[in-house]
Every structure is written in C-alpha cells, then in structure tokens.
Amino acid sequence: DGGITQSPKYLFRKEGQNVTLSCEQNLNHDAMYWYRQDPGQGLRLIYYSQIVNDFQKGDIAEGYSVSREKKESFPLTVTSAQKNPTAFYLCASSLRGDIYGYTFGSGTRLTVV
Amino acid sequence: GESVGLHLPTLSVQEGDNSIINCAYSNSASDYFIWYKQESGKGPQFIIDIRSNMDKRQGQRVTVLLNKTVKHLSLQIAATQPGDSAVYFCAETTGNQFYFGTGTSLTVIP
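For the protein sequence lines, the chains are A and B, in the order given. Be aware that the first sequence starts at 1333, since it is given in my numbering, and climbs by one per residue. Be aware that the second sequence starts at 12, since it is given in my numbering, and climbs by one per residue.
Hints were generated in silico from the structure; no laboratory data involved. One should not assume that every hint holds.
[Unchecked claim] Derived lysine to any residue pairs resembling SDA-like cross-links, with alpha carbons at most 25 Å apart: (1) LYS1415/A x LEU1377/A; (2) LYS1341/A x THR1409/A; (3) LYS53/B x THR1418/A; (4) LYS1389/A x SER37/B; (5) LYS53/B x VAL24/B; (6) LYS1403/A x GLN108/B; (7) LYS67/B x ASP28/B; (8) LYS53/B x ALA1393/A; (9) LYS1389/A x GLN1373/A; (10) LYS79/B x ARG1376/A; (11) LYS53/B x SER1339/A.
Since we're looking at a predicted model, the values are computed, not measured.
Please work from the sequences and hints to get the whole structure.
Spelled out as structure tokens, the structure:
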C-alpha cells in the first residue's frame, strides 16, 4: 500500500545533540513538508520541498535543517540550536502543484531529556 | 520555568447524539478548507473538504458548513460513536500554504 512513513515513533535527545527524523513516501509525490505540533497550537510549517534538491523555509525554520536528495525521502534534522525541540513532528506530502491532496505521516514525538 | 501549553476547547457528547465542532478561519481569500481528525499520538486523517464556491458538503455521517460572510466553518457528526473521540481541526488555504486551527477535543460518552 502507498503511504508516508515516519520513524522513529518516539525519539529522545540529550541537550546539545542533533537528531534526525526520517520521512519516506512511496506515493510518487513531488512535494514534502515538515510540521511541528505543540499542545493547544495549530500545526506550524518548518520546511517544505517541491522538488528534489530544492527546499524552502517555512514559518519556524530556525534550529532545523533538511535535505531532499531523493524524491521519496525528506529527513529533518533538529539541531542543538533549536531551543525548545520537544514536540510532535509531522511529515506530509502532496503531488506538485496539488496542495489539495495532502497525506500525513503518523508522526514522531521528540523529547529532550 | 516550565511552559504550559494552551488548553484545547473541549466538547463532550453522549453516544448517539449529534456533534457540532466550530472553526473560525482568518483569511477571507481562502478558497479551500479541510477538516481533520487526529487521535492521540497519530497523524491527522482527512475527514471532509469544501471549496469556497460551496456552503455545504456531506459525507458519510459528516457534514461541513461554510459561512464565508463571517469566516466560519463547522463540522457536524451525526450519531456520534466512541470511535469519533479525537481532536478535530480545520485547515484553510488560498492554494499556497495550509494554515491549521488549534483544534477541538471531542469526547464521546458511552
């Protein structure tokens, strides 16, 4: 079945460490997105990519980095520069130019310990 | 100090009753809207969508109403079931980027 897979489901990070969250899709979608979700707040866009080897900052990109070397994969690195990284992270994908066809992954919960 | 998250609006309904969840959107130019359901620890699931040239759309047990005059969106769930317990939130877009609401937590009482 086609879908979008995020891993791991739970991730723990020590202060000062970088961690990378995985997002893989086999939907042949061109565009991929990373969102952050905090309690009582709407999803906020971190980064997005419309095509391979290209990506743009979203509303809260500081302290995060991404790469898009393959169409299927859009990993997110939470760097030590992100001051409050504990959150639920969601990846989504859509056909290029078809923002209406969003598919979300199941999320990764990142906790700083 | 410890940060405290905002509290979600909550709605509790008896099993079998109808539920109405509301959303006020911000951009009068938004032309497409989606309602999502999100269960604890999971990603959002698409429920129903509506374009701005419509004021009502029905799905299976769900209806979305759009009032562009007051920028208001509502989701009606008929004969609410325990499996409907989740957070529901709306999303709006002009076609460029989605903006998401904070959500309403629905609890169905058996």
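Hint by hint, here is what the structure shows:
no., hint, in the structure
1, LYS1415/A x LEU1377/A, "17 Å, holds"
2, LYS1341/A x THR1409/A, "15 Å, holds"
3, LYS53/B x THR1418/A, "16 Å, holds"
4, LYS1389/A x SER37/B, "22 Å, holds"
5, LYS53/B x VAL24/B, "22 Å, holds"
6, LYS1403/A x GLN108/B, "20 Å, holds"
7, LYS67/B x ASP28/B, "21 Å, holds"
8, LYS53/B x ALA1393/A, "23 Å, holds"
9, LYS1389/A x GLN1373/A, "20 Å, holds"
10, LYS79/B x ARG1376/A, "24 Å, holds"
11, LYS53/B x SER1339/A, "12 Å, holds"
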